[in-house]
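Kindly produce the complete structure, drawing on both the sequences and the hints.
One-letter residues, chain by chain:
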Amino acid sequence: MLRLNQANIEAIHAHGIASYPYEGCGLLLGRAEPDLNIVKHIFPVPNSWEVEEEKTARFLITDRDMLRAELAAAERDLDIVGVFHSHPDSPPVASPRDLAWAAWPGHSYLITEITGRRPGQSRSWQLLQDRSGFVEEPIAIDQP
Amino acid sequence: MPVFRIPTPLRPYSGGNSQVTVGGDTVGAALEDLTGQYPDLRQHLYDGRELRSFVNIYLNQEDIRFGDGVNTAVGQDDTLMIIPSIAGG
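Protein sequence lines correspond, in order, to chains A and B. Positions 1 to 144 (my numbering) are the ones given, in order, by the first sequence. Positions 1001 to 1089 (my numbering) are the ones given, in order, by the second sequence.
Treat the hints as calculated values from the structure; they're not laboratory data. Check each hint, because a few of them may be wrong.
Said to hold, decoys possible - Away from chain B, derived, C-beta distances all over 12 Å, residues of chain A:
#: 1; residue: 7
#: 2; residue: 11
#: 3; residue: 13
#: 4; residue: 14
#: 5; residue: 20
#: 6; residue: 41
#: 7; residue: 61
#: 8; residue: 116
#: 9; residue: 117
#: 10; residue: 118
#: 11; residue: 121
#: 12; residue: 135
#: 13; residue: 138
#: 14; residue: 141
#: 15; residue: 142
Stated by the list, open to error - With the C-beta cut set under 8 Å, the calculated list includes, among others, these residues of chain A facing chain B:
#: 16; residue: 1
#: 17; residue: 60
#: 18; residue: 79
#: 19; residue: 81
#: 20; residue: 85
#: 21; residue: 97
#: 22; residue: 106
Where is the CB? At the ideal position from N, CA and C, for every residue including glycine.
Written as structure tokens, this is what we have:
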């Protein structure tokens, strides 16, 4: 399960809208418990995919930006518990590219559809241990 | 002795530890020691004998690719980090 609060969701929506029509991306900082990733803070990073016009359907978080996220997490006594990215005008379903270029099982992969600069549905995915695919996980949103 | 910081998703394979003290005087030797202590880490770091393409090793916050790669010397007070790049679409 992935747990976030309303402010996290609104920040993810805002980043996706600001990135539109390109995919926006970033890291989820928080605490990992058994079968539960709890988000405390989101850390947007640039979409560093090398071909500009392909950023509408591709994203890349460089290792340099991942290092910044790790250091930011450590400053807050948090961990990186997942990755978020947006799907402009397409459903928030983990794609073959998301699968091919994922890092490790255990991260929550949160995908948000952004349609015409409006936030749509978010769905979250966990990479299977054998890396053969993703399984969807429930999202819990803490209300203020 | 040098220390490897372990990313959150890999801690189930490092005995739950967020840091592992390792031996060795190069990055390569430190990696061998890490996966020797925790063999279950190997499948997540390596594809065959090579580090997986998305896995990057940083020594004191410097990418070893800008040094001598796995032959980069490691000192007693050094910190090693395992930093992935992540892509999708």
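Results for each hint:
1. Every CB of chain B is more than 12 Å from the CB of residue 7(A) (nearest about 22 Å), matching its label as outside the interface.
2. Every beta carbon of chain B lies more than 12 Å from that of residue 11(A), the smallest distance being close to 19 Å; the non-interface claim holds.
3. The Cβ of residue 13(A) lies farther than 12 Å from every Cβ of chain B, with a closest approach of about 19 Å, so its non-interface assignment holds.
4. For residue 14(A), the condition that its CB be more than 12 Å from all CB atoms of chain B holds, with the nearest at approximately 20 Å.
5. Against chain B, the non-interface label of residue 20(A) holds: every CB pair exceeds 12 Å, the least being about 15 Å.
6. In this structure residue 41(A) is separated from chain B by more than 12 Å, as the shortest Cβ-Cβ distance comes to about 14 Å.
7. Distance check for residue 61(A) against chain B: the nearest CB is about 5 Å away, which does not clear 12 Å, and the non-interface claim fails.
8. For residue 116(A), the requirement that its beta carbon stay farther than 12 Å from each beta carbon of chain B is met, with the minimum near 19 Å.
9. The Cβ of residue 117(A) lies farther than 12 Å from every Cβ of chain B, with a closest approach of about 19 Å, so its non-interface assignment holds.
10. Every C-beta of chain B lies more than 12 Å from that of residue 118(A), the closest at about 20 Å, which supports listing it as non-interface.
11. Once the 12 Å rule is applied to beta carbons, residue 121(A) is consistent with being away from chain B; the minimum gap is 17 Å.
12. Every C-beta of chain B lies more than 12 Å from that of residue 135(A), the closest at about 15 Å, which supports listing it as non-interface.
13. Listed as outside the interface, residue 138(A) is consistent with that label: its C-beta sits roughly 19 Å from the nearest C-beta of chain B, beyond the 12 Å cut-off.
14. With a least CB separation of 21 Å from chain B, residue 141(A) remains clear of the 12 Å interface cut-off, as annotated.
15. Every CB of chain B lies more than 12 Å from the CB of residue 142(A), the least distance being 21 Å, so the non-interface label holds.
16. Interface hint status for residue 1(A): violated, as the beta-carbon distance to the closest one in chain B is roughly 15 Å, over 8 Å.
17. A least Cβ separation of about 4 Å between residue 60(A) and chain B falls short of the 8 Å threshold, and the interface hint therefore holds.
18. For residue 79(A), the interface hint holds, the least distance from its beta-carbon to any beta-carbon of chain B being 4 Å, beneath 8 Å.
19. The beta carbon of residue 81(A) is positioned within 8 Å of a beta carbon in chain B (closest approach about 6 Å), and the interface hint is therefore held.
20. Using the Cβ-Cβ criterion of 8 Å, the hint placing residue 85(A) at the interface with chain B is satisfied: the shortest such distance is roughly 6 Å.
21. The interface hint given for residue 97(A) is met, as the beta carbon of that residue sits about 4 Å from the closest beta carbon of chain B, less than 8 Å.
22. A distance limit of 8 Å between C-beta atoms decides the matter here; for residue 106(A) the minimum to chain B is near 3 Å, and the interface restraint holds.
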